[in-house]
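Student: In case you want the letters, here they are:
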Amino acid sequence: GEDVEQSLFLSVREGDSSVINCTYTDSSSTYLYWYKQEPGAGLQLLTYIFSNMDMKQDQRLTVLLNKKDKHLSLRIADTQTGDSAIYFCAERAASKLTFGTGTRLQVTL
Amino acid sequence: DTAVSQTPKYLVTQMGNDKSIKCEQNLGHDTMYWYKQDSKKFLKIMFSYNNKELIINETVPNRFSPKSPDKAHLNLHINSLELGDSAVYFCASSPRLAPVAEAFFGQGTRLTVV
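As you go down the protein sequences, you meet chains S and B in turn. In terms of the numbering used here, the first sequence has 523 at position 53, counting the first letter as 1, and numbering is strictly consecutive. In terms of the numbering used here, the second sequence has 7 at position 5, counting the first letter as 1, and numbering is strictly consecutive.
Excised from the complex, chain S in its bound form (with noise of 0.2 Å):
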């Protein structure tokens, strides 16, 4: 089966780095995407990556990708008191999207 395990909570300070990570099983793993919950809202995908990609920049995003060990993580710079919310990096194999178990980004001042 396919498993995706990131940590629940992460604390930063407002102008510090975030770095959210995210391990999964599925070696299938065709995308690999970084979607943001914010308080009673829907899913609002921020970024993805192409299996065969190691990294992808896109403004204060930065994803990483370690194929070899299965691992993703997603680097916010300069994290703003908008960036708390839930973060979800989610697999694709095939026509199936996986999520993980959510990792909460509280920002404090």
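Hints in this document: simulated from the structure, not taken from any laboratory. Please read these numbers as outputs of a predicted model, since none were measured by experiment. We treat Cβ as the ideally placed atom computed from N, Cα and C, and that holds for glycine. Warning: the hint list may mix true and false statements.
What the hints assert, rightly or not - Computed far set for chain B versus chain S, every beta-carbon distance over 10 Å:
hint, residue
1, 15
2, 66
3, 68
What the hints assert, rightly or not - Cut-off 27 Å, straight-line C-alpha distance, at most; resulting in silico cross-link-like pairs (DSSO-like, lysine-lysine):
hint, chain 1, residue 1, chain 2, residue 2
4, S, 540, B, 43
5, S, 566, B, 38
6, B, 11, S, 506
7, S, 566, B, 46
8, S, 566, B, 21
9, S, 566, B, 24
10, S, 506, B, 24
Chain B: place on chain S using the hints.
Tutor: The following block gives chain B in isolation, referenced to the frame of chain S:
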């Protein structure tokens, strides 16, 4: 225009009742999904439909029955509701043939069974 819309947004009902949640997407996508998010925020896929055909059914009790009348709609009907069905249910869609088949999510339906 809302890409993926679900109704209702909130649903409070008694145990034993039957209820439906509707989902519509106007993105022209081939694939639609239902996800359940429990109180601990764990997101689990329930069903996936592609061109009105069921392709994934993830160990969901048969009290849950998805119905896809056409490619743009995937409704979820739940019979004999139980307390443990209380959760937020998310509908999503994705383009099957797109190079990056990201899923677009609805805003969720918060179901509370009392």
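Student: Does each hint hold? Answer for all of them.
Tutor: Structure-based check of each hint:
no., hint, in the structure
1, 15, "20 Å, holds"
2, 66, "17 Å, holds"
3, 68, "15 Å, holds"
4, 540(S) with 43(B), "23 Å, holds"
5, 566(S) with 38(B), "14 Å, holds"
6, 11(B) with 506(S), "19 Å, holds"
7, 566(S) with 46(B), "11 Å, holds"
8, 566(S) with 21(B), "26 Å, holds"
9, 566(S) with 24(B), "21 Å, holds"
10, 506(S) with 24(B), "23 Å, holds"
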